[in-house]
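Asks: Single-letter residue listing:
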Amino acid sequence: MKAYLSRRYHLSASHRLHAEGLSDEVNRETYGKCNNPYGHGHNYVVQVTVSGSIDPETGMVVNLAELDGFAQKRVVSQFDHTNLNLAEEFRQLVPTTENFAVVLQRIFAEFGAAKVEHVHVEETGNNSFEYAGEALPQVGRW
Amino acid sequence: MILLTRKAEFSAAHYYWNDKLTPEENERVFGKCANRNGHGHNYTLEVTVAGEVDPVTGFVVDLKLLKEILEREVVGVYDHRHLNKEVPEFEEVIPTTENIAVAVWRRLDGKIPYAKLHRVRVYEMADLFADFYGEFA
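First to last, the protein sequences are chains X and P.
Numbering (this note's numbering) for the first sequence: 41 to 182.
Numbering (this note's numbering) for the second sequence: 14 to 150.
Mixed in with the good hints, there may be bad ones.
Unchecked claim - Derived DSS-like pairs: lysine-lysine, alpha-carbon spacing no greater than 25 Å straight-line:
(1) X:Lys42 to P:Lys20
(2) P:Lys124 to X:Lys42
(3) P:Lys33 to P:Lys77
(4) P:Lys77 to P:Lys129
(5) P:Lys20 to P:Lys124
(6) X:Lys113 to X:Lys155
(7) X:Lys42 to P:Lys129
(8) X:Lys113 to P:Lys45
(9) P:Lys80 to P:Lys124
(10) P:Lys33 to X:Lys42
(11) P:Lys98 to P:Lys45
Keep in mind that the hints were calculated from the coordinates and are not lab data.
Same shape as in the complex, but just chain X (with noise of 0.2 Å):
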């Protein structure tokens, strides 16, 4: 008997979206005021939703404390309050919410207490991307 638990995180981050391959007038087309030379920032909220079968000793689908645990320190001990175009995951990778989604669901992979289904990421009330594995994206490709 399969459910379905998502859980949310908040993390404050700046980004940049600038894209080393292209000019910097492209970039200005491509991206707007999201390509400003000093960055902005967003308050995210990271979903992600896992699912398994309910275990009967314990009620739960996981541990929300174990998952507390491995969000905290893998998602936002790392990114809250820092700059994600200095993160090594987008030393190569434009720090879109499409690309931190998936960097995220890649994390959240790592997990391994129950299935992970997909990651749901809001950059703000009205932008929101997910991710639920399958194709990476080709690393670098501007």
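On the provided structure of chain X, position chain P as indicated by the hints.
Replies: This is chain P only, laid out in the frame that chain X set:
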């Protein structure tokens, strides 16, 4: 086919405890949720039904009727109650968010005319929710 979702809210108390585990194990597994004095949440329930749009009414299901069913079957039973002590399905089942989603599904399945229950989503708080799509999903 159209999916239609109705929300409802209830506030309830609960705690997590399994008599088959030792007190130490309960505290290790359930943390602060194992406090036997209980604690509470404002739950939000989202019930999604699937069906065809009736050509006469334009409805998948009459929302007033769906609201009444949610009120009668779930909110009226859970709201301002202690789930462990006052709701029969949680006498022996721990009222985790996952199990509440399953219990709500069982309370509603087959009770909504003209539409099929598609998903039950239970928010324990804005940052935590469980989804259940039925016993065979």
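Asks: Does the alpha-carbon distance linking lysine 98 (chain P) and lysine 45 (chain P) stay inside the 25 Å limit?
Replies: holds, 18 Å
Asks: Are lysine 80 (chain P) and lysine 124 (chain P) close enough, with their CA atoms no more than 25 Å apart?
Replies: holds, 12 Å
Asks: Does the structure keep lysine 33 (chain P) and lysine 42 (chain X) at a Cα separation of 25 Å or less?
Replies: Measuring from Cα to Cα gives roughly 23 Å; hence the hint holds.
Asks: Hey, lysine 33 (chain P) versus lysine 77 (chain P), does the alpha-carbon distance stay inside 25 Å?
Replies: Violated - the C-alpha atoms of lysine 77 (chain P) and lysine 33 (chain P) are around 43 Å apart, more than 25 Å.
Asks: Within a Cα-Cα threshold of 25 Å, do lysine 42 (chain X) and lysine 129 (chain P) meet the stated pairing?
Replies: holds, 19 Å
Asks: Does lysine 20 (chain P) lie within 25 Å of lysine 42 (chain X) when you go C-alpha to C-alpha?
Replies: holds, 22 Å
Asks: What's the verdict on lysine 113 (chain X) and lysine 45 (chain P), does the C-alpha distance respect the 25 Å limit or exceed it?
Replies: Distance ~20 Å between lysine 113 (chain X) and lysine 45 (chain P) Cα, so the pair holds.
Asks: Are the Cα atoms of lysine 77 (chain P) and lysine 129 (chain P) separated by 25 Å or less?
Replies: holds, 17 Å
Asks: Is the hinted pair lysine 113 (chain X) and lysine 155 (chain X) satisfied, with a Cα-Cα distance of at most 25 Å?
Replies: Given that 25 Å is the threshold and the Cα spacing comes to 19 Å, the pair holds.
Asks: Is lysine 20 (chain P) close enough to lysine 124 (chain P), meaning Cα to Cα at most 25 Å?
Replies: holds, 17 Å
Asks: Take a quick look at whether lysine 124 (chain P) and lysine 42 (chain X) sit within 25 Å of each other, Cα to Cα.
Replies: holds, 22 Å
The structure fails to meet hint 3 from the earlier list, while all remaining hints are met.
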